[in-house]
Structure formats: structure tokens, C-alpha cells
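As a plain string of letters, each chain reads:
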Amino acid sequence: RKEVEQDPGPFNVPEGATVAFNCTYSNSASQSFFWYRQDCRKEPKLLMSVYSSGNEDGRFTAQLNRASQYISLLIRDSKLSDSATYLCVVNTDNTGKLIFGQGTTLQVKP
Amino acid sequence: DAGVIQSPRHEVTEMGQEVTLRCKPISGHNSLFWYRQTMMRGLELLIYFNNNVPIDDSGMPEDRFSAKMPNASFSTLKIQPSEPRDSAVYFCASSRQTNNEQFFGPGTRLTVL
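Quick mapping for you: the protein sequence lines, in order, are chains A and B. By the numbering used here, the letter at position 52 of the first sequence is numbered 52, and the numbering carries on one by one without gaps. By the numbering used here, the letter at position 98 of the second sequence is numbered 98, and the numbering carries on one by one without gaps.
Among the clues, some could well be false.
[Said to hold, decoys possible] Below, simulated DSSO-like cross-link-like pairs (lysine-lysine); rule was C-alpha separation at most 30 angstroms, straight line:
1) K68(B) <-> K24(B)
2) K109(A) <-> K24(B)
3) K78(B) <-> K2(A)
4) K97(A) <-> K24(B)
5) K45(A) <-> K78(B)
6) K97(A) <-> K68(B)
7) K79(A) <-> K45(A)
8) K78(B) <-> K79(A)
9) K42(A) <-> K68(B)
[Stated by the list, open to error] Some chain A residues near chain B, calculated using beta-carbon distances under 8 angstroms:
10) E43
11) P44
12) K45
13) L47
14) T95
15) G96
16) K97
17) L98
18) Q102
19) G103
Read the hints as simulated data drawn from the structure, not as lab findings. The structure presented is a predicted model; accordingly, all values stated were derived computationally and were not measured. Note that beta-carbon positions come from the ideal geometry of N, C-alpha and C, so glycine has one too.
Given the sequences, and given the hints that come with them, work out the whole structure.
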């Protein structure tokens, strides 16, 4: 079983739609969680950290469920510019060792 | 401010040749990370340094791979000899401290023929 698992998609949605991605992790001792965004042929960039209480940044909402060991990302009012691959990332021991999921690809269409 | 700088951006080489990838982290960042990304395996951490000292190299695939960080502003990842299965995008990332946000460089796209 992979340490971090995501549905690779692709998710094809129209502009304005709401879309949600889930991610599961295997290590119950995992400490911190993130969503990174990666555009085609570019480097990954931090989108947002994920806190136990959940957090929101504009149209983006991240949630953490420790009991079920999953993380979610909700994107409201999708824009064409949201098209990218979204990487679920877990830090299992508060060191620098980040474990990346395979990524979920989102295509927002006009 | 300049981000993480990597060179070369693209490298095409033949099997058996030595390949050296270079990275300059963001000034003031104490941690540096080398990753490899392929379609099959996704993004994998190869090795990371804290204050120029290698902390975890458990991701380095085999002895053909080596990494150094002689000073705070420069690191190299070397593959000798290279093999076709080493073809991938190699990213370098840096962070202020080990547990902070990591900033990635643009990557080196390596093709080994």
C-alpha cells in the first residue's frame, strides 16, 4: 500500500463547478499535511497547509480527518486557471521528509 | 528575490556517461532537498541536507547516485554511470528550516539514451 494515495483523475469540470479531491495516508503518526499544486512541466508549489480544524483560503478549503486518515481539498467556483495537478503531501515525523501522492489532475473547461 | 536555481534545465546523455546536476538554494535557507519525478513513481525524495550536512539519503536509489553540498549556496547530484531508467525530472528544493515550506526549483529534465 502506498503511503499517500490519491485518485489520479482526471477530473473534468466546467467553469464555476465545485470539485473535491480526497487523499488517504497510511501512517497514523503523520504530523503535518499539505496540498501542493503542479502545473504541466513546472515545479510543485505550496497551495496550502492542512490544519486539524480545517482551513480556508478564498475558494479553497482543506480538511483533515485524523480518525479516517484522509485529507480533502474543495475548490469552489472553478476557474480555467485552476487546471493543474494537485499533490497531497504528508510529513510523517516533522522532519523534512515529505511524502507526495501521485497527484490528481484537474481540467476546468469553459 | 531569486528562487531556487537549477542547471542544466535539460540534459540528454548516453548510457554510461556521468551526469552532474546543480542547485543553488534560496539565500538564507538552511535545508536542501533533491527529488526525482517520473510518471510511474511520482515525486520521490532522494536526499536532504540540513546546514550542508546530509540528514537522510535513504531515497538514493543505488551507489551510482551521490550528492554533495560543499557550502550553503551550492549542491550537486551526480549519477555515474547513468542508465536509461534514470531518465526523469530532478527537482531541487530548499526551505528556511527543515520543517518549513519547501520551494522548488524549475527542475532538470534528464534523458539517458
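Okay, the hints, checked on the actual structure:
1. K68(B) <-> K24(B): Distance ~12 angstroms between K68(B) and K24(B) Cα, so the pair holds.
2. K109(A) <-> K24(B): violated (38 angstroms)
3. K78(B) <-> K2(A): Answer holds: K78(B) to K2(A) is near 28 angstroms, not above 30 angstroms.
4. K97(A) <-> K24(B): holds (20 angstroms)
5. K45(A) <-> K78(B): At roughly 25 angstroms apart (the allowed maximum being 30 angstroms), K78(B) and K45(A) satisfy the hint.
6. K97(A) <-> K68(B): At roughly 18 angstroms apart (the allowed maximum being 30 angstroms), K68(B) and K97(A) satisfy the hint.
7. K79(A) <-> K45(A): Holds. K79(A) to K45(A) sits at ~18 angstroms (cutoff 30 angstroms).
8. K78(B) <-> K79(A): Status violated; Cα separation ~41 angstroms.
9. K42(A) <-> K68(B): The given pair, whose Cα atoms are some 25 angstroms apart, holds under the 30 angstroms limit.
10. E43: holds (4 angstroms)
11. P44: Result: holds, 5 angstroms to nearest chain B Cβ.
12. K45: holds (7 angstroms)
13. L47: violated (11 angstroms)
14. T95: holds (6 angstroms)
15. G96: holds (4 angstroms)
16. K97: Since the shortest Cβ distance to chain B is 6 angstroms, the answer is holds.
17. L98: Given a least distance of 7 angstroms, the restraint on L98(A) holds.
18. Q102: At 4 angstroms from the nearest chain B Cβ, Q102(A) passes the 8 angstroms test, so the hint holds.
19. G103: OK, holds: G103(A) within 8 angstroms of chain B, min 7 angstroms.
Checked against the numbered hints above, the structure breaks hints 2, 8, 13 and satisfies the rest.
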